[in-house]
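Participant: So the chains spell out like this:
There are 2 protein chains.
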Amino acid sequence: MQKKILSIVFTVLSTSLFGQSKEGKLSNLLYAHNKLMYSFRWLIILFLSAALPAQSQNTETYKYPLSEIVTIHSKILKETRKIYVHCPKLDSADLNKRFPVLYVMDGDNHFELLAQYVDYLSRPDISAIPKIIVVGIPNTERVRDLTPTQSISNYEGKPDTTGQYKSSGGNENFFEFIKTELMPIIEDNYKTKPYKIFAGHSFGGISSINCMLTHPAMFDAYIAISPSFWWDNEYLLKLTENKIISGSTLNKKLFYCNGNEGGSNSFFHKGLLKFNSIIAKKKIVGLDYNYKYYPNEMHMTVPIVAYLDALRFIFNR
Amino acid sequence: MQKKILSIVFTVLSTSLFGQSKEGKLSNLLYAHNKLMYSFRWLIILFLSAALPAQSQNTETYKYPLSEIVTIHSKILKETRKIYVHCPKLDSADLNKRFPVLYVMDGDNHFELLAQYVDYLSRPDISAIPKIIVVGIPNTERVRDLTPTQSISNYEGKPDTTGQYKSSGGNENFFEFIKTELMPIIEDNYKTKPYKIFAGHSFGGISSINCMLTHPAMFDAYIAISPSFWWDNEYLLKLTENKIISGSTLNKKLFYCNGNEGGSNSFFHKGLLKFNSIIAKKKIVGLDYNYKYYPNEMHMTVPIVAYLDALRFIFNR
Chain A
1 MQKKILSIVF
11 TVLSTSLFGQ
21 SKEGKLSNLL
31 YAHNKLMYSF
41 RWLIILFLSA
51 ALPAQSQNTE
61 TYKYPLSEIV
71 TIHSKILKET
81 RKIYVHCPKL
91 DSADLNKRFP
101 VLYVMDGDNH
111 FELLAQYVDY
121 LSRPDISAIP
131 KIIVVGIPNT
141 ERVRDLTPTQ
151 SISNYEGKPD
161 TTGQYKSSGG
171 NENFFEFIKT
181 ELMPIIEDNY
191 KTKPYKIFAG
201 HSFGGISSIN
211 CMLTHPAMFD
221 AYIAISPSFW
231 WDNEYLLKLT
241 ENKIISGSTL
251 NKKLFYCNGN
261 EGGSNSFFHK
271 GLLKFNSIIA
281 KKKIVGLDYN
291 YKYYPNEMHM
301 TVPIVAYLDA
311 LRFIFNR
Chain B
318 MQKKILSIVF
328 TVLSTSLFGQ
338 SKEGKLSNLL
348 YAHNKLMYSF
358 RWLIILFLSA
368 ALPAQSQNTE
378 TYKYPLSEIV
388 TIHSKILKET
398 RKIYVHCPKL
408 DSADLNKRFP
418 VLYVMDGDNH
428 FELLAQYVDY
438 LSRPDISAIP
448 KIIVVGIPNT
458 ERVRDLTPTQ
468 SISNYEGKPD
478 TTGQYKSSGG
488 NENFFEFIKT
498 ELMPIIEDNY
508 KTKPYKIFAG
518 HSFGGISSIN
528 CMLTHPAMFD
538 AYIAISPSFW
548 WDNEYLLKLT
558 ENKIISGSTL
568 NKKLFYCNGN
578 EGGSNSFFHK
588 GLLKFNSIIA
598 KKKIVGLDYN
608 YKYYPNEMHM
618 TVPIVAYLDA
628 LRFIFNR
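Here the protein sequences line up with chains A and B, keeping their order.
Residue 290 in the working numbering is what sits at position 290 of the first sequence, and the numbering runs on without skipping anything.
Plus 317 on top of the position in the second sequence (first one is 1) and you've got the working numbering.
Be a bit skeptical, because a hint or two may be false.
Below 35 angstroms or equal to it, Euclidean Cα-Cα: the simulated DSBU-like pairs (lysine-lysine) are [what the hints assert, rightly or not]:
#	chain 1	residue 1	chain 2	residue 2
1	A	89	B	395
2	B	496	B	406
3	B	380	A	63
4	B	599	A	292
5	A	292	B	587
6	A	292	B	380
7	B	380	A	193
8	A	292	B	609
9	A	63	B	483
10	A	166	A	274
11	A	63	B	510
12	B	510	B	599
13	B	510	B	414
14	B	380	A	78
15	A	196	A	270
16	B	513	B	560
17	B	406	A	89
18	A	82	A	238
19	A	196	A	179
20	A	75	B	380
21	A	166	B	406
22	A	166	B	380
23	A	238	A	274
24	B	513	A	63
25	B	475	B	395
26	A	274	B	609
27	A	75	A	243
28	B	598	B	475
29	B	587	B	600
30	B	399	B	510
31	A	252	B	380
32	B	475	A	82
33	A	158	A	179
Derived from the structure by calculation, the hints contain no laboratory data.
From a predicted model like this one, the values you see are computed outputs, not experimental measurements.
Looking at chain A on its own, in the form it has when it is part of the complex:
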């Protein structure tokens, strides 16, 4: 026990010393040295502290609301995964409440934005959505995890010779990791409601839709921002056409969209229109879906506006 306490104190202390502390006052002088001398940082800070004149203001680190990094050793993926978890700000009315969970792929890119939106939209003076736990899944091997099939075809259906798609086709393993390793940890350690959302952009977009088609019990709502329907000669469009029986029931919310990714004639836009027409044609009972086109957004800026619309659509307020 004593050893444990000491180890915690040591971890906290060393994280603080070599992490963010005391950078404030010194930012001006330190910027240029940060990259080069990271390991000597603490010594440099002490040296510069002595060299700086006294100032009338104090500086401390700004505390963002509670977010954590959970490290998971995945047997399925045979690797260690970092997972980001953002908990809602709680007040006394929330003490006995549980919260829906939003799982977002490409956690490195979209976790902070979604955490911010969720906090803002669920503020008591806004209440556009409920409070939500956001789980960000950063990538280790993006192409491997976020593609439904093994393929080296590019968006024109021609073989890609760069080798970038070599590891593709790991969606099934990735979903298995989420279902049997990640979700139990989240549900055991946070105040979760059963309601779950799966969100992704680009390759994350096709993964979200593939998950809806192949593991419909895993999530209640899906967000697919600029999904790369061109993947493997439109594999996912064919799967949608073949897998969904007209007039069948699927009690889900589904938001999909694209931006201006080469104009209205682009393979992105065409893929979305095809998907939208399949979904409309199938007349799926219980599926509440929304397609949005953002002609003023590029592929990398669509998520900024679309995540906002998607959250509001899913919670219908």
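Let chain A serve as the given structure and place chain B on it in line with the hints.
Facilitator: Quick look at chain B alone, frame taken from chain A:
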């Protein structure tokens, strides 16, 4: 010197211990106790650590990019002010760069959202705006600081009897604080460019425009989201009409907007239309302005979409 080192170590250590650390694993159990037992938190954490079964995953605090709280003792406002500062993520190409500064009022509400937008839009794969330092000014006495005149009239021009506007009229003092106390500290301690933006919502919106009219040298660009032009029987609309000479020069960027705040007949919407027509009529040389109406947003949600549009408008990319 030794005393200084010890004091820094102590501050860092105690902030860490009583701040965010080790909360991860225990969120589930701790939620209900957080509010009640804040001061005993460290002891509770140690106790629960011992009581919890071992888990296969580790948890650490998620580190958001560098933001700091600067405490300033203001002689002008005769009070201590907390200021939030968010620095951009730097890479090796940024080492010798300096950055524009965005000052945002109601820092308690909008600092995190703006920091997130600035980080996202300035990412190298997006480059919609340059990297920017965001300075959030949280409120102490909002009505006092963020109103241009002493008035107790409500939005209908009738006397407000609740006493909520009693302290109003402190804009001039507040601008003086920003100009002579806050800006020098920001400019001495961070890698600032001279280019400065002043942003506000509601009362912050009228403060932003009042500052442009009365202290045009302070900022280069202004954002006024749903400015409360109804204030003091439309004082600021009259000031705009009287202060700006037709055809005069004002080399600024100006973004203003409103949402659905009681429909198209609301006092908010009418105020914005009046302001927009005055600005258009004056044919100001060098003023690059943009008015946007968001009929699908409420008063409290306009900032979410408008800050995004405002940043892109100001940097024109």
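Participant: Look at each hint and say if it fits the structure.
Facilitator: Going through the hints against the structure:
1. 89/A / 395/B: 32 angstroms, holds
2. 496/B / 406/B: Holds, at roughly 26 angstroms.
3. 380/B / 63/A: 9 angstroms, holds
4. 599/B / 292/A: Roughly 39 angstroms separates the two Cα atoms, so the pair is violated.
5. 292/A / 587/B: 31 angstroms, holds
6. 292/A / 380/B: 33 angstroms, holds
7. 380/B / 193/A: Within the cut-off at roughly 26 angstroms; holds.
8. 292/A / 609/B: Status holds; Cα separation ~21 angstroms.
9. 63/A / 483/B: 33 angstroms, holds
10. 166/A / 274/A: 27 angstroms, holds
11. 63/A / 510/B: 26 angstroms, holds
12. 510/B / 599/B: Between residue 510/B and residue 599/B the Cα gap is close to 30 angstroms, so the pair holds against 35 angstroms.
13. 510/B / 414/B: Holds. Residue 510/B to residue 414/B sits at ~9 angstroms (cutoff 35 angstroms).
14. 380/B / 78/A: Holds. Residue 380/B to residue 78/A sits at ~26 angstroms (cutoff 35 angstroms).
15. 196/A / 270/A: The given pair, whose Cα atoms are some 29 angstroms apart, holds under the 35 angstroms limit.
16. 513/B / 560/B: 22 angstroms, holds
17. 406/B / 89/A: 25 angstroms, holds
18. 82/A / 238/A: 34 angstroms, holds
19. 196/A / 179/A: This hinted pair holds, its Cα atoms lying about 12 angstroms apart.
20. 75/A / 380/B: Satisfied, since the Cα-Cα distance of roughly 27 angstroms is no more than 35 angstroms.
21. 166/A / 406/B: 32 angstroms, holds
22. 166/A / 380/B: 33 angstroms, holds
23. 238/A / 274/A: 10 angstroms, holds
24. 513/B / 63/A: With a Cα-Cα distance of about 25 angstroms, the restraint between residue 513/B and residue 63/A holds, given a limit of 35 angstroms.
25. 475/B / 395/B: 32 angstroms, holds
26. 274/A / 609/B: Satisfied, since the Cα-Cα distance of roughly 33 angstroms is no more than 35 angstroms.
27. 75/A / 243/A: Cα-Cα ~30 angstroms, so holds.
28. 598/B / 475/B: 30 angstroms, holds
29. 587/B / 600/B: Within the cut-off at roughly 21 angstroms; holds.
30. 399/B / 510/B: 22 angstroms, holds
31. 252/A / 380/B: Roughly 34 angstroms between the alpha carbons, so the hint for residue 252/A and residue 380/B holds.
32. 475/B / 82/A: Violated, because 58 angstroms separates the two Cα atoms, which is more than 35 angstroms.
33. 158/A / 179/A: Holds: residue 158/A and residue 179/A sit about 34 angstroms apart, inside 35 angstroms.
Of the numbered hints listed earlier, those contradicted by the structure are 4 and 32.
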